[in-house]
Structures are given as C-alpha cells and as structure tokens.
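Starting from the structure of chain A, add chain B where the hints point.
Chains as they are written, first to last, in numbering that gives the first Met the number 0: chain A, 0 to 326; chain B, 0 to 202.
In case anyone wonders, no lab produced these hints; they're calculated from the structure. Note that the structure is predicted; figures quoted are calculated from it, not measured. Positions of the beta carbon are idealized from the N, C-alpha and C atoms, including for glycine. Just so you know, not all the hints are guaranteed correct.
Stated by the list, open to error - Going by beta-carbon spacing under 8 Å, a handful of chain A positions derived as facing chain B:
id, residue
1, Ala9
2, Glu15
3, Leu212
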Amino acid sequence: MDTPSDLLLARYLAGECSSAEARDIDAWSAASPAHRARLEQLRAIWTARRPPRTWDVEAMWRHIRRPGFGHGAYWQREPRRWRPALAAAAVLVLLAGGVVAVMRGSRRAPPMREYATARGQRITLQLPDGSSLQLAPQSHVRIPAQFGDGVRDVYLDGEALFSVAHDATRPFRVHSQDAVAEDIGTRFDVRAYAEDSTVAVAVAEGAVSLGRLAAEGVVVRAGQIGTFAPSGLVGMSPEGALADYLGWADGRLHFENVPLPAVLRAIGRWYDLDVRIAGPALATRSITAEFTLGAPDEMLRALALAVDARLTRSGTGGRIITLGGTP
Amino acid sequence: MFAFGPLRDSGVPADASRHARELEWFDGLRTGDEPAFEALFRAYAAPLCDFAYSYLESESLAQEIVQDLFARLWERRDTLERPRSVQAYLFGATRNRALNHLRGKRIETAFLRRLLHVGQARASGARPVPPEDDLHANALAQAVARAVETLPPRCRDVFILTRDQQLSYAEAAAVLGIAPKTVEIHVGRALTLLRAKLSDWLS
Numbered sequence: 000m001d002t003p004s005d006l007l008l009a010r011y012l013a014g015e016c017s018s019a020e021a022r023d024i025d026a027w028s029a030a031s032p033a034h035r036a037r038l039e040q041l042r043a044i045w046t047a048r049r050p051p052r053t054w055d056v057e058a059m060w061r062h063i064r065r066p067g068f069g070h071g072a073y074w075q076r077e078p079r080r081w082r083p084a085l086a087a088a089a090v091l092v093l094l095a096g097g098v099v100a101v102m103r104g105s106r107r108a109p110p111m112r113e114y115a116t117a118r119g120q121r122i123t124l125q126l127p128d129g130s131s132l133q134l135a136p137q138s139h140v141r142i143p144a145q146f147g148d149g150v151r152d153v154y155l156d157g158e159a160l161f162s163v164a165h166d167a168t169r170p171f172r173v174h175s176q177d178a179v180a181e182d183i184g185t186r187f188d189v190r191a192y193a194e195d196s197t198v199a200v201a202v203a204e205g206a207v208s209l210g211r212l213a214a215e216g217v218v219v220r221a222g223q224i225g226t227f228a229p230s231g232l233v234g235m236s237p238e239g240a241l242a243d244y245l246g247w248a249d250g251r252l253h254f255e256n257v258p259l260p261a262v263l264r265a266i267g268r269w270y271d272l273d274v275r276i277a278g279p280a281l282a283t284r285s286i287t288a289e290f291t292l293g294a295p296d297e298m299l300r301a302l303a304l305a306v307d308a309r310l311t312r313s314g315t316g317g318r319i320i321t322l323g324g325t326p
Numbered sequence: 000m001f002a003f004g005p006l007r008d009s010g011v012p013a014d015a016s017r018h019a020r021e022l023e024w025f026d027g028l029r030t031g032d033e034p035a036f037e038a039l040f041r042a043y044a045a046p047l048c049d050f051a052y053s054y055l056e057s058e059s060l061a062q063e064i065v066q067d068l069f070a071r072l073w074e075r076r077d078t079l080e081r082p083r084s085v086q087a088y089l090f091g092a093t094r095n096r097a098l099n100h101l102r103g104k105r106i107e108t109a110f111l112r113r114l115l116h117v118g119q120a121r122a123s124g125a126r127p128v129p130p131e132d133d134l135h136a137n138a139l140a141q142a143v144a145r146a147v148e149t150l151p152p153r154c155r156d157v158f159i160l161t162r163d164q165q166l167s168y169a170e171a172a173a174v175l176g177i178a179p180k181t182v183e184i185h186v187g188r189a190l191t192l193l194r195a196k197l198s199d200w201l202s
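Next up, chain A with everything else stripped away, as it sits in the complex:
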C-alpha cells in the first residue's frame, strides 16, 4: 500500500480500523525500517501517558452523601455589611471607634491617654506637639496628654505610622516591646505586634535610631527597614518592601513575597476575620500582591485564585474563612 495517512494510522492505534486495514498496515510496516519507524513514532505518542492519579473516591462519596450537600462548593458572592470604619479608606480622627482612657499621672510623669483599635478598625490621632499617628487594627498606644520639655515618649503595642513634627530639642521616642525607635522629625512606621516577636521600623522620610532604651541605636534611614529582635540585635531587612509597611495608611495593603500565613493574619486584623489555612502545602506559599483596602471578598478571591485553593466560610456570621483543603 502507499504510505497510510495519519488518519488511518490513528484508527489503527485506537483499535478502530477493520481487520483488513490492520493487515495492510502490518504488511506495510514490515516492508522497510523507515515504514516501521513512522508507525512506531505515532505509537510512542499514543502510548506515552502520564502515570494515573489516585483519587480519594471514599472521601468524595462520604461528602456526596452528607446531608445538606449540593448547595454549590464554589465561593458564592453575597452582599456583606462591613464595618463602616473600613468601607471607604476613611480616616477617623481621634475618638471615633477608639477607646480612650486618661490615666492619672504621678507628680513627675504626665497623665497618659490610651487609644486602642479592635480588629477591623483604625484611627488617626493628632498629638499635642503637632505630630500625628495612624493606628493600625488591633493596636494600642499610650501618649502623654502633654509633651514636656525633654523627650516625647509614646508607647505602642501593634502598628502605627508616625508623622513626627520636627524638633531637634525634643527627641520623639516610640517604645514597643524592648525596642525604642527614636527620631527628631520624620515619617516612619513601627510594626510591633506581640505575635511577631520582632519590632520592624520602616522609614519613609528622615532617619530613625532603633535599639534598646539607653543603648546606642542603629540608624535606619529613609527607604530602609530595620528589624529589632528580642536578643537586641538590629538588622536591616533587604528583602522587605517599604510599601508593605507604609501602603496601608494610603489605603493599600501591599505584600512583597510574604508567606501566605502572614498575609492571612494581616487580612484577619484588617477586617476582623478569622482566616485559616487548611493543608500544610499552602503554608509554604508566598504572596506578592497589592490590594486596595475595600471589601475583602475580592481580596480573598484573588488569593484563592493565586494559590489555586477553595474558600469556605463557617462560624456565626460566616466570619471564619478557610483557604484550601480537600472537599
């Protein structure tokens, strides 16, 4: 026979040709090595299959026969009411949503004011010297009602972005955990959440000295991020991006190669959600993304897309969100 067409050879390989056609092809193939090679090429393609996957059929069956199943496994978009503090990138001044307590000061120490934000809240505070600070969610700050003639001391647990009015005669000091960030006039973010165990200072403008109280600090300049560890060591983080620390004040959450668990912790703080990971494989993924602070649905769906995992909601009011996991 003449060279069989690929269509005919395909039928041969798929077992779809008649016995007569098969005999002809066998004869043609045996007639020369070149013919045989042509057939074997196609046979190699036809039989080169990847190893079969194993599927957890039992788990699937259990899930199907569970009562109430079948209402759509994919994330369904529902209208949600979000805390008004975050509906727009609104900046609230002073007391709205915050907790204020005036502590009676001793003779020497000035009376302090305390401000605290819950998860999903943030506030902007004006300080007596003309400085201001934005307090991130789940944070707590103590500020003197009046600054004296010496140092200006504030005490932070959590995260805040400071814009410090310049005064060379009165250093401004932010105390958090064991670290002190000191400067004379600049703009910088201090991130000191207790669960992170390190204090990070990201400087937007000016320079900040970071170290233990009454010890020589390390200077962190504009564009740099300094990290203070419990041991007292201060390191510069070359891999951190400034926008990670400063973006939120402008209404942007920025993550530069941040491990997924940390991303979800941040989202949990910003929206008062409990976002969990199911499956250890997901915990090793890192995220690079920038989100506009708005309703979190889109943000969570973008994350789910990026890591190819499903989102499920549970708990009262659907506040528990789980990323990943087999059905």
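Chain B in isolation, oriented as in the chain A frame:
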C-alpha cells in the same frame, strides 16, 4: 480498547453489556435507589476526575467538580431524563463544568485586575508534584502532555477522550455531540500535529 489487539468494525459498541448495565443504574438513580447511585458513582468517579483534571490541572478542583456533579444528580433525580448513553452524559457534563470553571476563572481574574487595580496576586513556593517513577518514559509522557495542551480545543477534546479516557470514536462522538467521522479526522490531525511538535523526542 487496545492499541494493537482485538479489532472490530467501527460502529459496533465495544461493550454493549456495560452500556446496558449503566442505563439500569441510571434508572435506579431516578427512582431513588441508593445502591444503584453508588454503583454509578464508583464506576465513574476516577475516570471523570482524570478527565476533569486534564482541563483544570488541579486535583482538588477536579474532585470538587465531579462531586458537585453527582450531588446534583441525586438532588435532581426526580427530574432526570434517561440519556442515550450514560457515559456520554457524564463525560459531557464534566467537560461543561470544567470549561465553565475555566471561563469563570478567566473572567474573574480579568475583573479583579481591571476593577480593583489588583496586580494579580502572584504566589511562589513549592507546588506539589506527583512522584515520577520511570524517568525517561515519563519525560516523554510529560512532553506529550504539554504538547497536547497546545492542540486546537476540539482536537484536544477528542484526543483526550480517545487516548486518555480510551473511549471509542463513537463514544467520544456521543460525548461531544459531533459525528464519528469528525472524531476520526480530529484524532488523525492530533497525531500529525503532535508528531511535528515532538520531532525532537522521536527519532
């Protein structure tokens, strides 16, 4: 289905008894017979997951789609109509769901990127890779799989159904709602294209 074994004249179903048995199960499903539903599920779960995987490249999504499909079948059993071929029905439904998901994902990604100035979140880190045993054979299999992805869509559908799922031409035609002759043309074309793409691998 054999690559070089018993042959038959096209047009005659390879396994008429299997088709009949599946129709019985399907009838059972329609009347709420749980063991029949379970038998149907167990017969098709793995092949349908494999098939869905070829579109989605995600094991969890593939499982989810097949699960959804069977759960809905049970929910709507009172309204189901008897298909001509259970296999065609299930494969076709799976394919539709997979394609819908891909379409939705494309739309969603574009939507997120456009409307919210969300740079698409990029994830890095180890992606779980299935273990490979025989390196050389699997290297070719991987190359073939990658080349298959570049085939024209309909051609690819046909090739996956006939080669990977080992459906006959008639069965594949039933799944896709096209003529068996068209299936034949697509398989031939797939092999022609693949042979050209994989010329480095085959000498």
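**Closest C-beta approach of A:Leu212 to chain B relative to 8 Å, hint status** = For A:Leu212, the interface hint is violated, since the closest Cβ of chain B sits about 38 Å away, which is over 8 Å.
**Request:** Grab the minimum C-beta distance from A:Glu15 to chain B and call the hint holds if it beats 8 Å, violated otherwise.
**Result:** Since chain B brings a Cβ to about 5 Å from A:Glu15, closer than 8 Å, the hint holds.
**Proposed interface contact between A:Ala9 and chain B, which counts if any beta carbon pair is under 8 Å** = Constraint on A:Ala9 satisfied, holds at 4 Å.
In this structure, only the earlier hint numbered 3 is contradicted, and the remaining ones agree with it.
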